[in-house]
Structure formats: C-alpha cells, structure tokens
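If you're matching them up, the sequences are chains E and W in order.
Taking this note's numbering, the leading residue of the first sequence gets 1, the next gets one more, and so forth.
Taking this note's numbering, the leading residue of the second sequence gets 328, the next gets one more, and so forth.
Quick caveat, the hints were computed from the structure, so don't treat them as lab data.
Where a beta carbon is used, it is the ideal one built from N, C-alpha and C, also for glycine.
Take these hints with a grain of salt, some might be off.
[Unchecked claim] To be clear about the criterion: a stretch of chain E counts as covered by chain W if any three or more of its residues have a C-beta under 8 Å from a C-beta of chain W, and this derived list gives those stretches:
{"id": "1", "stretch": "8-20"}
{"id": "2", "stretch": "232-244"}
[Claimed, not checked] Chain W stretches covered by chain E per the calculated footprint, using a threshold of three residues with CB under 8 Å from any CB of chain E:
{"id": "3", "stretch": "353-359"}
{"id": "4", "stretch": "379-390"}
{"id": "5", "stretch": "393-405"}
{"id": "6", "stretch": "428-436"}
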Amino acid sequence: MTAMTVPRMTRATWYKHRFSVVGIPAVFLLAALVLFADSVVRRHWLSVHHLSGCLVANATTGGSSCESAAWASFSGSSQTLNVIAVAVLALPVLTGLFAGVPWVAREFESGAFRFTWTQGTSPRRWLLGTFGALVLLAGVSAAIYGAAAYWWYQVAQWQGGTSIWSWRWSSFELTPLSIAGWTVLTMALALLCGVLIRRVLPAMIAFIVALGACAYLSETWLRPWLFGIGTAVKQVSWSTSAGWPASTTTYTAATWLQTPSGQRVTDLPAVNNVSAWIAQHHDTFWVAYQPYNHLIWLELARNGILVTVAALAVLASVCWLRIRPAD
Amino acid sequence: MNAIETRGLGKRYRRTWAVRDCDLTVPAGQVTALVGPNGAGKTTLLRILAGLATPTAGTATVLGAVPGSPQARAAVSAVDQTVPLYRHLRVAGQLAAARALNDQWDADLAAQRLSALGLATSARVGKLSAGQQAQLALTIALARRPRLLLLDEPLASLDPLARQDVLGWLMTCVAEDGLSVVFSSHVIAELERVASYLVVLSAGRVQVAATVDSLLDTHLALTGPADEVGDLSDQVQIVTAQRAGRQALVLARTGAAPSDAAPSGWAGRPVTMEELVLGYLREPAARVVPGPGLEIVR
C-alpha cells in the first residue's frame, strides 16, 4: 500500500461501476423484500389457524396434524419446492454472471483498463480495490437476502407438503451463510474467468462451467463428506427403533451391524427377518448421526470452504495478472 | 537524469519479436518523436515504458524508475493509441474517476482545457467524436502533472486545426513545466515543428536515436548524376540513393560538423526531417546510434 488508499480506489469503483454498485444491492434487497412480504402473509395465515408450531424444526410438535393441515390447505409438492429453492439460489449466480464477469472482462475487452493502469494505481490495486468493494457489497446484500430466504423457506417447505427438516439440501443452502458463501464464490470465479479469458462472452461461459462444477462437487461430494465428519454414534434397536435419533432434527450419516467380535458390517443380511437374524447372531445395530447442534458448525465449515476456494481464485487472478498484465 | 533508458530491451509475442535489442537513451526535457513503419514496435515500446507491458528481455527505466513502479506511475502519463476511456461515463464522471485514481491532480488545468475545447462535462464520453475523446485523454494525462508524457499516435484522430492546437499546448507545457514528451506519429511534417529528439524504429530495432539538430546538421540531400553515385560513396556516407533516370537523389551523411558543402558535381541542400526519416526507413540496415559521434552501421 503506497500513497493510494483503498477508499480512493473504492471511490473510483463507484464512478466506473455505478450500475453494479447500485444494481447488486438493489436486486438482492428487492428479492429479499418480496420473500419477506410473502413470508409475512403465509405466517399470518398459520397464526390465524394456530399452526405456527408446525414451523419449529427441532421440535416434535405438530407431527402428522401439521402435515395433514398442509395437504388440506395447499397442493404444494416437494418437486415444486426444489424448483423454487433453485430459483432463489439462482440470484447469486446471476449476480456473478451479469455483474461479476463483465466488470473485469469488459475492461480488458474494451481496453479501458489501460486508462486506470496509466493513472496512479497499479493493476493489482485496480483488481483488488474494485473486486473488494463489489464483493463486500454483494456479500452483505446476499446475507440479508439469505435471511429473508431462510425465513420464507421455513413456511414454504411446510406448505409444500414436506416436514421441516434442516438437513435437506435446500434447507442447508437457503440460509444467510450459504447464500453469502455462494455469492462470494461466484464473484471470485467471475473475477478469475474475466482475468484469464478477458472476453465477456467466453468468460461468461467459462464462469457457468466453473460454477456448475463447484456446485456439483459441493452437492455430490463435499456436503456428504462433511456430514460424515464428527458424527455421534449410538446403539439402537433394529426391531423397536428404540434409541433411534429423532428423524426431524438429525442427519443419519451411516448405519451398520457390529458382530460380537467387534467386526463392522455395513451391508444388512439379505434375509426376510432381519431382527431374528440379528438376535440369532448376537449382533448389535449402530447408527452414526449428526445431532441438530452440529448443523451450524457444518454450515460454517462448508461455507468456509467456499470462501477459501474463492480466496484461492482471487489469488490465482492476482498471480495471473502479474504473469500476463496486459499483453 | 534521462527520461528514458533501455538496455537490450526486447518484447516477444509468441515467436515474433516486436522490439529487440533496443538500446535507447532519451535525455529529459526533450520532445522526442518516435517514428517507424507499421509494425516497427512503437506501440510496444511505449506500452513497456508506460508499464502496460512487461519486457521479455533487457531493462527499461523512465526517469530513473522501473516502468509500472509507484515512482514511475506518479511521474509518467500515457495516452495509448486506443484512447482508453470509460465510454459509458460522462465527461465529469471520467474526470472524477481520474481524480480519484491520482494523488496529484490539477483540476484547474482540466477545467480550463475542457472549457477551451468547448467540451461539456455532461456529455457522454462515448458520444464524443474520436478527436474529442483524444483531447479528453490528453487533458487527463496532463492534469496529472506528469514529468514524462508518452503519447501513442495522439494526433491521428485530430483535424489539422486541433493538431496545431494540441502541439501548441504541449509545447507550452514543455516550456513552462520542463515536461519530457515522447510521441509516436506517422505525420512527420508535424513532428518536425516540435520534436527536438528523433528515434526511428524499424523492425523492432532502434535505427536512429539522436537530437534533431545534430541529425539535420550532419545530413545533406544531394542531387547529381546517377552514374556517379558509386564515386560519391568515397567522399560521403550514403544513407540511401534514389535513381530517377540519369539523376539521383542521395541522402548523405557529411560528418560530425555542420556542413552544407556538396561534393563537386553534386547540388546539395539541407534535408528536412521528413526526408531524413524516409531515407533511413528506406534503408533499414543503416543506423545512427548515439555515441561520441554519429556513425552509420551497415
């Protein structure tokens, strides 16, 4: 940091990228307002019908009466709910695509970066100063949007005919932490694609591919892997289900049989009467699960990984800019 | 202190060298004309000096600092031939962005210049004519109060009146502030009026680098019989000879001291800068390199 200070670069960002600076929070806050308003209306309906207790995730109140009330009043389906959840999650993606990618790629494409680089600011400061301002703005706006989405989704998933289960992928993703984490990652990937490719349209395509790969890995590998770490283990009864963790609040990571010699068997025997088979062989049935209080830590860990990947993308952008500044 | 110093400077794009083995020293306080045919490496050299491109080989300094360093950035202004501006901004916004990006900013100079040009600050940059955009870029470059100004084809998009105006303004800045200017152009006749130092680039190499006065003093345009060009080379160093029927027009170097004495049988006259530049461009093998005396290297 030399004579130029970050706020001055931020000021320059305001002059150069007013549309993004105003547009990003405006879109997020508008969407948050819509979700919030819709949520208020839905919650009011629940309150009037004395069904507010159905929204409590870590309680067993309500139960089947809640589900029947939902089915009686709404014809929602979990499929529709998934589509809506994806639509809510699309906003950070669109932000990265239409606000993140163009700001850097278009500067290269139009040659306007030569203006900034021949003023009293270095390419690195230009990159980090502009990115820092935009990502901070997007991250904070996304967190507010995420809070509204979380509040809204509590009602939506119940009205969609599914029970309140916080370990579902959509419940996990529609939180302030997750939406802010994805937003930071999308902005960082947008930065990397813009710096690497330096053409708006190809950079947008690369961004979609890169983000798609990240989302796929997160869904198919990262989240299941994280959910298997630090699990609590307990013995349960196969026949009576006694001791089984409450299904509404916990996540079952693994189940297995344990032989008297201590050997672990993950595949259940292919017999008609498993209970009898277990009793006959003096085996015990075990379950590894994530208790409800682990959820926040797992969310922090997953989104911490997203932010770390984002930081690596920013670092790669800075390094690439150093290797290949303008030519 | 020299405005520019390069030693063995080279820049390669894949397999092609845009600039190669460039040894150049330009003293401070000069208005330097950088000329050469298309693809000679002028833009690449200026971009390296402006810190916009990194050299593949050799070193370069501007006012004693490495191009792109904070010291160089504070002292050097550059206007690229693409006239990089934010075309979606209004003039006022462009100026505000430039002001925010610089520690040193002469708002009065910018305001006076824009007022003299009749450029409305509410106008959108992208709606300005190419000439107006170039004028705006020049205004911003000078409002930074640089000590070295690098201009790549700054006059190309200007009408004749505007060219005169810009050159006059530049000369005022040079005279008042001791500004060093390096600018590339194809319009050699206009450079002649303002340039005090000449650098000719050809095929990525420095072909000529010397003060304009020393070059004009030591070169002659000779007209005489074409069949005696061979004998003439015993008396003067021939840079280039053009034959037209029985007559030949020769660009000759007469020695270190000023001379307008033509060899017998030949009519001599002082060369113009345009003739000098064109003569060297026609003969890329001929070089005038700086040193104790000028010499032609073949």
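Which hints from the list above does the structure break, by number from lowest to highest?
As far as the earlier hints go, 2 and 3 are violated by this structure, in ascending order.
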